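A.B. asks: If you read the sequences in order, they're chains A and B.
Going by our numbering, the first residue of the first sequence is number 18, and it counts up by one from there.
Going by our numbering, the first residue of the second sequence is number 71, and it counts up by one from there.
Note that these hints are calculated values from the structure, not bench results.
Every value quoted in this text rests on a predicted model; they were computed, and no experiment measured them.
Misleading hints may appear alongside valid ones.
[Stated by the list, open to error] Here are some of the chain B residues that sit facing chain A, going by a computed Cβ distance under 10 Å:
1. Arg379
2. Thr399
3. Asn402
4. Phe523
5. Ile527
Ideal placement from N, C-alpha and C gives every residue a C-beta, glycine not left out.
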Amino acid sequence: MLGATYGLIALGYTMVYGIIQLINFAHGEIFMVGAFGGLTVYRYWLPDSMTTNVWVALPAVLLVAMIVSIAVAVLMERLAYRPLRNAPRLAPLITAIGVSIFLQEAVRLFYPDGKRQQAFPQLISSGTFDVAGVTVPWVSVFVVVVAVALMIGLQVFVKRTKTGKAMRATSQDPESAKLMGIDVDRVIVITFVIGAALAAVAGVMQGMRFAQIDFRIGFISGLKAFTAAVLGGIGNITGAVLGGFLLGIVEAMATQYVPHGSSWKDVWAFVVLIAVLVVRPGGLLGERVATRA
Amino acid sequence: MIKPPALAVAGAAALVAGSMSPWATFAGFPGKMTLAGFPGGARLFALLLAAGALLFALEVGGRRRAALFAAAGAGAVVAVNIVAITDHGGGLGSVAWGAWMAVAGAGALIAAAWRLPADPERRSERGGGEPAPEEWRRLHPALEVAAIAVALSSVLGAVVWGLEIAESSRFISFLVFLVFASVALHYLGVFSALAVLFARHHRMAMLLGAAAAVAFPFTQQGNAYWIRVFASIGVFAVAAIGLNVVVGLAGLLDLGYVAFFGVGAYVGALFSNAALTTTNIHLPFMVVVILGGCIAAVFGLVIGTPTLRLRGDYLAIVTLGFGEIFRITANNWDGLTRGPNGISGVPDLALGGFDFGESHQLFGITLPGFANYYFVELVLIAGAILVFTRLNDSRIGRAWVAIREDELAAAASGIDTIRLKLLAFAIGAFLAGAAGTVNAHVTTQVSPDSYTFLESILLVAAVVLGGMGTVPGALLGSTALFVIPEKLRAFQDKRLLLFGAALILVMRFRPEGLVPSRRRRRELRSEAPEGVPGLAGASGPPPGGPLS
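This is chain B alone, in the form it adopts within the complex:
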């Protein structure tokens, strides 16, 4: 029998050697896969994961799952590329020996990791609770802030790195790498440590996060494409935060939320002197944003008043109906909305002589016009986050949670449930409306087919995938849902199929989303297999450590 450490070293060596050798026998596959002695393309990801796996495997005790996931990730990266190379080159013959060697290495690493002693159960994993912050050793505050800065800049770095990858196969490798590396880091407790740090230096973390967000356009060297995508994401993220108030905090499933967004967009187009406007009214942008939000909020109240008295399921279907009514109305009311053609030629914003459509020079870097919108959206997002967190921490937020958990009990405790639900609905609609007005300027046109049921589902999915009731969740969810489809252009046709499958899988294995709120997580996890202590850890999906 070879001892695990020896096996791990051997496996890692094979993986490294395999990754340094060619993976493809033909030129033309992205990432210089035919070059020897150079880990080009996706081979780098395999290497990084192999290094991680080796490190975790050799450290004594408590690292089994991290090593396992890192090794499995390396294997998955190799597998993805073998499939891609086979597909690209026409047959298994086009896969070079380096790839097979890497497979063998990954296999050995997995075997080595498998035979490591099991991780000690952490207290927090069993109870599903959180580690008390005081359990974590306090370092020098400057060090802790530095750790946050490092974490945030690596997030920014990962985003920029990922965006630069042009080929689908390599991007999938990158995604696989990210997922497995995150799971491995998660089992090392990195995320829970970070969560504690974030909680400790709340303001500093927010500032640094904002700085990272502001820094993004400067990383693109004047290339407008991704800034444009992020400008769309920004709008979407504001709406997602708004929806998060409705779904995440108050627990009201709104399946027609995009209608409020659409109301805002039409207001934005109608009141800003678009080329094909039907109203000829021109109001300053600030007024339009507020107006859009308010009109959407009024719609929210109108639709909410009769329906919020009912149980949640009816609400879902009525809001869905409202979304459809909005779309059909916009499609048919030619006099105001110009029907299916929509209103095009919405002008660029101009605030105090500053034209948002122009590109600008800053620190020697050209910022295309979309960057201006991106910055405006960051301000909006900041506003939305402020609204969201203040509400969440207030009496109103607690009342919402009470309603979400048990409406009857909440009503019995003296909460005016209908009024509070209406409030949540109106605030969510307001944020969506405000985001919609900005969107009219970003896309320069509004038309009914941008506000379909699918868009509503996309928003709900962003909130749910990211994590209900948390701001980072909504931001992460909307970014992922925009960037990943942009990147997987090769799969354009199957995008929705994958989206549906992803919804099912996430609900099955991680119903609390990527960044769960603490309350919600406890609620979701404690209801799992009741009365069978320890079962959750023994089989089925990993119970997962504390992440929030």
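Here chain A stands alone, though its shape is the one from the complex:
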């Protein structure tokens, strides 16, 4: 389901924003790059005999997608964002836009036949099952289960582990965190890594659901995921997940029930965003600032 994908990407936005107050415009591209990484494994690296075996192909695709996304994200942080850590906020924001354009174009130009849509393997059988008269495809079940599991895992990581504690400390006050012996640079890199890994999973899921990807998927998904993050209260992990699911549902409903809804598909996210910001600027779960990660 759409909402799970948005939620996973939104986590990356929300975590990066929580720690360095940067809207990482290029995060959508990390998601896109991850999807392409997964596709590459499937198409070029896996021997043909294994591509049909779910238990080999799926983990391989997910793993490589994550590695590619993480590598790009870490490089991006190191080369583009870290030098601007103390610059005024406009500078990293514009850099992020530059990175986003750069990554899109790099995939378009240098991926084999990258200008066109790429067919993405289904991996999981396209079968469905019925629950109380509703037909549910297995892919959707898988997507939701994975997404929820990852979100719970992340929550536990941030709340229970030492690194998670360091992340929370950094997000509250980087200066003091540094004084307490926390390696802030490392925490920031870890944040980017986690965000990238989640985005990569989202990328593979998106590919499986729509059976195709292209270099443009990152931009609009990223935008909506950001909306989801704001919706839930930016900097808030639970909020991002909630926002993602809500946005997915709103979009699906609007497309379905509003006349000519589908040609306005991409508008709903922004309408919801503006409405939320007007009514409740902090987002749905915005008050609980202490849970920022």
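Could you slot chain B onto chain A? The hints should help.
C.D. replies: Here is chain B on its own, set in the frame of chain A:
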């Protein structure tokens, strides 16, 4: 050991000899590269830089960086051409000995410049401040004005020269030449001297600048192509100045600014009796321009009212959303906007019997129809500059700066932040809307795909690359962003890739833009490595002298 002066002379001699000799072994490469005894094509740029490097190297003291950059520039020009010739002729074998000799010469020059004594640190470079104008010797006023005139006419000359270059490889050489020559001149203090002169003779400089801008169409000998490009730039520049009010002065990042431009364009198309209009209303052009601006301003207020209460980051994303909503609406509202087809057949302007589409004769030079629009845009730009500078120097401008620097503190000092932010938003939208109405006439059609997110980014980039909060920055940024892609047609496919990379690099090495405003520069530079005096000069990017 060879002494630096001797080395420099030897290097320059080698470069000159190399540049006078053929660089390519085959005919057909642009710029007559096979001719001996004649510095054709890009070889001229190498020669000029070599002359500069030699001059700076031989002058005693204080010229190290200028010489270094001039020599490096010469090397870069040769390198670019070697790559181009190799690519063109298929293999290194097609590069003639003259090029290798030039490489050696450039290498020797660089080595010579490297061993020059270091430049004395200028006071202003360390503090990041400005040289006080009184530090500069006053010359006779007429001389100073003449210097401004020379500077402006060389800018015009450089633009015309650059536009005449047809081949990509030579244009890149030209760009390399310009960049390195500017950096070298910058280290000589030429730009800071000019800045002082401009400040001293403010009005005269403005007049001369306007004269240079007006003179441009007359340099094109009736050739419409570049005048047409500049007509597009003019529209873009007005919008960029408007955006500069929003981003540069008030510090509000608007990522959907092109929507206001689009609103203006649709107003222009709908109210001027276009061939495929859906309204059949025809108003005089003057009214349409004002109307377009006002409607865009109303949109600005509508979008700004709920969002300007929020922090800046949200604003960026909401404006982005608004831009998308505008595009999708224009795409879907067939009854008014004719959907994806857009409204075409917007007629040429006609003011008092003067048809803007026709070409005219003036001083024996034919001015194509686009020149008329270009002149109209110059008037608009002048208006926008007036609005911008007057606001910047007023109480409102100072309040904006206060908001940009620290909104809480500004509010605490009694500034009505929301109202002022709304004002900035509305003024920016007005200028964009007015520019949009003119654009409808210039392009004779409006359609939703001209107003995408990328266009908004292009506008932001023009402002940021040029320099936030300054008029010359916005003008320079929009010109560069239009002309360079036009020129690099060979790289059409990779244009956006280069654009993204350029955004990243400029933010990294020159976040204040090409023509920074004084306030902004200080803000950006003082936050660099704090508490480590002198470090900024020792490593990393050059701290740069005073340029504004």
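A.B. asks: Run through the hints listed earlier and report the numbers of any the structure violates, in increasing order.
C.D. replies: Checked against the structure, no hint fails, so every one of them is satisfied.
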